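Enquirer: Sequence:
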Amino acid sequence: MTLADWMAAGREIAVIGLGASGVAATRLLRARGVPVYASDAGSDPDLGAVASGLRQLGAVVELGRHDMERIARSGGVVVSPGVPPDAAPVRAARDAGVPVRAEADLGLEVLEGVPWVAITGTNGKTTTTAMVAHLLAADGRYAVAAGNIGTPVTAVALEDRRPDWMAVELSSFQLHDCHGHRPTVGILTNLSPDHLDRYPGIEAYYADKARLFLHATAASTWVLNQDDAPSVALVGDAPGRRILVSVQGRADAWYDRAAGQLVVFDHPVMPRGDLALLGDHNVANALMAAAAATVAGVGPEALAERLRSFRALAHRLEPVGTVDDVIWINDSKATNIASTEVALAAMDKPYVLLLGGRHKGEPYTRLIPALREGCRAVVAYGEAEDLIAGDLADAVPVVRAGPEWQAVIAAARGLAQSGDAVLLSPACSSFDMFRNYAERGARFRAAVTPA
-19 MTLADWMAAG REIAVIGLGA SGVAATRLLR ARGVPVYASD AGSDPDLGAV ASGLRQLGAV
41 VELGRHDMER IARSGGVVVS PGVPPDAAPV RAARDAGVPV RAEADLGLEV LEGVPWVAIT
101 GTNGKTTTTA MVAHLLAADG RYAVAAGNIG TPVTAVALED RRPDWMAVEL SSFQLHDCHG
161 HRPTVGILTN LSPDHLDRYP GIEAYYADKA RLFLHATAAS TWVLNQDDAP SVALVGDAPG
221 RRILVSVQGR ADAWYDRAAG QLVVFDHPVM PRGDLALLGD HNVANALMAA AAATVAGVGP
281 EALAERLRSF RALAHRLEPV GTVDDVIWIN DSKATNIAST EVALAAMDKP YVLLLGGRHK
341 GEPYTRLIPA LREGCRAVVA YGEAEDLIAG DLADAVPVVR AGPEWQAVIA AARGLAQSGD
401 AVLLSPACSS FDMFRNYAER GARFRAAVTP A
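Each residue of the sequence shown is one higher than the last, beginning at -19 in this note's numbering.
Label pairs and their computed distance ranges (CB to CB):
1. R45 with S398: 51 to 57 Å
2. R50 with G120: 46 to 52 Å
3. G229 with R346: 20 to 26 Å
4. G22 with A239: 50 to 56 Å
5. G120 with D374: 56 to 62 Å
6. R346 with A239: 31 to 37 Å
7. G354 with Y122: 40 to 46 Å
8. G44 with G229: 50 to 56 Å
9. G120 with Q386: 44 to 50 Å
10. G229 with G77: 46 to 52 Å
11. G22 with E183: 29 to 35 Å
12. A184 with G22: 24 to 30 Å
13. D328 with S32: 48 to 54 Å
14. D328 with H195: 40 to 46 Å
Below, computed lysine to any residue pairings styled on SDA-like, alpha-carbon distance capped at 25 Å:
15. K340 with P180
16. K329 with G240
17. K329 with L395
18. K340 with A373
19. K340 with G(-1)
20. K329 with V376
21. K329 with A381
22. K329 with G253
23. K340 with E183
24. K340 with G130
25. K329 with P299
26. K340 with A209
27. K340 with E384
Calculated from the structure, these hints are not laboratory results. Fair warning: this is a prediction, and the values are worked out from it, not measured in the lab. Cβ atoms here follow ideal geometry from the backbone N, Cα and C, with glycine treated the same way.
Let the hints inform the model, and build the full structure from the sequences given.
Expert: Now the structure itself:
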C-alpha cells in the first residue's frame, strides 16, 4: 500500500523502532495526518525525550515493549533499518497479513521524481554513498546522502527543499521491505557472507541484496564490481546497462596500475596518489562513485576535483593519530570477516590487529593468509576472544585482553614497535562491550588523542 492509500484509509500505522529513521517516519506520517503507533523495545532516558516529542505530534508511543496485537491490527507497518526481517513485531505483522515496508521505501515514495543512486553490498557501502553524494554536488547541485548512512530518507522527504540528486545507502534489511522504487543508477559494491547471526544462510542474505534489481528495466543502469564474481552473478539477467569497475584489469572504470591512474570511460581522471584513502578497495569505491556520477552528468575535471577533496569517513580505515612513530587506525565499522580482510590488504607496514567483540558466525581462520603477511600480533578481546584465539593461535601470536577496553589498548601499546600500525578492525559486532561500532571507534580514538 502507498502513503496515499494509508491517508485515505485513516487506519493506524505501526512504526517499529525509534532510532533516527523511526522518528523521521513517524513525523512524516503525522505531517500527512496518518494515525501512528510507534514502539521501541528500549527504554533509556534518551528515548523518553524522543517519545515525548512524538506524542506532542499526536503519535501513540510505547517504550520497553511492542504491542503485538495492536501491530497485527494496524493498517501497515514501517520498519527501521536496524530491525531484522525476523524480529518478533515484524513477524506479528506478516502473520496477520499486514503490509510491511522499510522506512526508506516510504521516503522514496514521497520523493518520487528525484533522481537517485542506490548503493548496496556487503562492504564499502557507506564510503561509496558519501563519495557519490560528494561528486554529485559538483557544479552547485544540491545532492544529499541518505539511508543507512545515517540521514533517514524520510527526513529528507520532510525538508522544504527537494534535492537535485540523492545517494541512498540500502542495507539488506532495508531492501527486504523496499517494494516499489527503481534507482536511476544502482551500485553493488561487493558480496560476502554477513549477518549470518540474523539470516538462516548466505542464500537468504544474497536474496535480499538481489532486490536491488527487482524493478529493473531496459532504462536501468547498474555499476558492478568486475573483480567480485558473486556481484556479477547476482544481477543475473536483470535488464539494464551494466558498467563494470575493476582494480585488477581493464574495464569501463578501472585502475591503470602501471600508469598509477584512475580511468573512467577511457578518460584518465586522476593519479592514485591524489586519492587520500587507504587500500585498493577504496580505489574501487572511488571508481564506482565516479562511474555513477558520470552517468549523472558530472564531467571529468569536476570528478577529479571532488575526489581529491574527499576524506576517509569516521571508523572506516580512519587514521586517528601517531604516537611514538606508531600510527593508530580506526576501522571499527569492520564488523565482519570480509571487512577486516579488506583492511589487512590495505596495510603497508607491520601492524598489531585488535580483533574481537560479539561473534557473527564465521570462522576467523579465513584471516590467516593475510595475517601471515604482516601481522605482528593479534589482540583478542570480548565475547569472541576464545574463538579468535582457538582459530588463530597456531598461525600468529595472539594476546588475550579480556573484556576491559583499557586492557585491550594497553596490550596494543606494549606490542607495537616504532614504524608499526595499530589497527582496530574487529570482524565482530560491538554489542558485547559498546552500544555500537561508533562508540567503540570513539573509545579507540580517545586512547590516542585524549581530550
